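Trainee: Chain by chain, the residues run as shown.
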Amino acid sequence: MESSNFNLDNAILGYIGLIKNQGSLTGSDADELTGHLYDSTEVLVKIGLSEQEAFMVACKRIGNVELLTEEYGKVNMSLKHNKIWAYLLIGFNMFYGIPSVVFALISIFYWGIFRYFQTSTVAVFIMVAFHVLFIAGIFSLLRFKRQISCFIENKVAQKPLKWVALSFLPTMCSVLGRSLMFKRIPSLERYTIRVFESGLVEFSFNLAALSIPFVVLSMIFSINRTGGFKLKNLFDKPSALLLILFGFVIELFAASTRVLQAPNIVVQAVLFGIFYFTASFLLTYYNRTSSAMRAVLIFTSIGFLLELTVGIMADMERVNRFYTPFFVTALVASVGVGHVLGLWIFNKRKPTEC
Amino acid sequence: MYVCDMVELNKDFMASALAPLILIILRRQESYGYQIIQELKDKTGGELHVAEGTLYPVLKKMESKNWIEGEWKKSDSGRARRYYVLTGKGKQELEEQYSQMNFINDLIKKLWNLPISTSTTPFSVT
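As you go down the protein sequences, you meet chains A and B in turn. Per UniProt numbering, residue 1 is the first one in the first sequence, and the count goes up by one each step. Per UniProt numbering, residue 1 is the first one in the second sequence, and the count goes up by one each step.
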C-alpha cells in the first residue's frame, strides 16, 4: 500500500540524512549511498513493487543506520579526528569569545546605569536585579548542560565548517568591539562596581563573579557522573580535591559578605556563617553518615585556615579590634549546625527513601 | 551483517573475503557499487545476502590502498555514479591473494581429509 504523499526523493534524502547525522559519512559517501538507493528502488519498481515498498526493501538491503555508521567509521577515521578539532575550536570560542563579549556588554551596561542613575536606589535595585539574573543564567548552564551539548553535537555532525566558522564570531566581535568601545568611551575602563558606593551592589557582584568558578568546578567534577545536573550529583561522595576547591569557593562567597557593612560584628559573622551552614548541610545531607563528617572537615579546613591566618593579620593591622574570633566561631558553629541538621533530615527521610 | 542461506558467514570473515571478490569482479571491467553487489548475488545464485551499504567502506579501504581507483561519471539515467577500476597494484594484489587463498584452500582440504583418530588416550604414560 503506497501512501498518497510518499515522495521518493525526500524519503531517500531522509534516510541518508539519518546516517550522515551520525557523523561518519563524507559528502561523497552520502552521494554514493544515495545513488545506490535510487538504483535499488528502480530495479524493485520494475519487478512490480510500489515506489514506497521498493524504497523500504532497498533500505533494508542497504543496511541499518548503526551498521553503516560503524563500517564507515572504520574507514573514515580522519572525520572523527576532524570532529575532535571542531569541538576544540568551538570550545575555545565558547569559553573565550562568548565571555569576552558578555563582559564587554556588561561594562557598557554598568556605564549606562551609572550615567543615568548614579548612586541612587534605582541604580542599586537595577544592579542587584541584574546580578541575580546573571547568577540564574550562569546556573542555567548547568541545568541545560545536556541540551547545550546535544545542540553542539548535532550542529557539528551536520555542518561542522559552518558552526566552527560561526563560533569565531564572538571572538572577532570581542577583539574589534573592545578597541572601538574603549576609543569612543575612554572612561569605560574606570567604571568598576565601586562607583555605585553600595555594599549590596558589591556583594551581589561578588556572588555573580564567584558563581562562575562554582559552575566551572561543578562542570569539571561532574564529567564522570551520569544524569543531569542535580545537587545530589555534585555533593554525593565528592573527591578530596573537589572538597578543597569547593571549600575555597565557599570561603570566597562567605568572605564577600564583609562588604555588606552590617550594623555590628555579630550580624556580620552570622551573614558570613550562612554560606558555611548551607554548604555543610548539603554535604551532610547528600552523603552517607560515615563519609559526611570527613567531607565536612575537608571542605571546612581551607576556610578555617584562611580565616585564622588572614584574619589574625588583619586584626593586627586594625589594632584594638579583634574580629577573627567572631568569624572563626561563626564558621565552626554554622558548619556544626549545618551538619547536625543535615544528619537529622537525612535520618528522618531515610525510611521513606528505602 | 552478512548472512548466507546455507552458512551464516562471520562478519569479519566476510569483510576480509569481500576485497578479493571485488578485485576479481573489477579484473574484467570497471563497475560501480550496486553493479558489484548484483554480480556477487548472481554468481552465488542469490544465496549471498550482504548488507549492501557495507560494500562501500570496503571499496574506500581498497581505494586508499591504491588497489582500485574511483571516478564519478554520469550514467545513462543521468545520475552520477562512482565507477571503480582495477589498478596495477590491485592486479598484483589480486594475484597474490589468489595464490594465498588457493594455498590455504589446499591445506584445508588436506587437513580435512586426514583420518580422525579413534584413540581416547592420545598420550600414554609409562
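Since the hints were derived computationally from the structure, they do not count as laboratory data. Be aware that a few hints might be false.
As the list claims (entries may be wrong) - Derived DSS-like pairs (lysine-lysine); straight-line CA-CA distance at most 27 Å: (1) K60/A / K110/B; (2) K159/A / K91/B; (3) K83/A / K110/B.
Stated by the list, open to error - Listed next, the stretches of chain B that the computed footprint assigns to chain A, with coverage defined by at least 3 CB atoms under 8 Å from CB atoms of chain A: (4) 51-57; (5) 102-115.
Said to hold, decoys possible - On the chain B side, residues computed to face chain A include the following (Cβ under 8 Å): (6) G33; (7) Y34; (8) K60; (9) K74.
Predicted model only: the values in this text are computed from it and were never measured. Think of the CB as a built atom: it goes at the ideal place given N, C-alpha and C, for glycine as much as any other residue.
Trainee: All hints are to be evaluated individually against the structure, with a verdict given for each.
Mentor: Hints and how they fare:
no.: 1; hint: K60/A / K110/B; result: violated (40 Å)
no.: 2; hint: K159/A / K91/B; result: violated (39 Å)
no.: 3; hint: K83/A / K110/B; result: violated (50 Å)
no.: 4; hint: 51-57; result: holds (count 6)
no.: 5; hint: 102-115; result: violated (count 0)
no.: 6; hint: G33; result: holds (6 Å)
no.: 7; hint: Y34; result: holds (4 Å)
no.: 8; hint: K60; result: holds (5 Å)
no.: 9; hint: K74; result: violated (11 Å)
The structure is inconsistent with the numbered hints 1, 2, 3, 5 and 9, although it conforms to all the rest.
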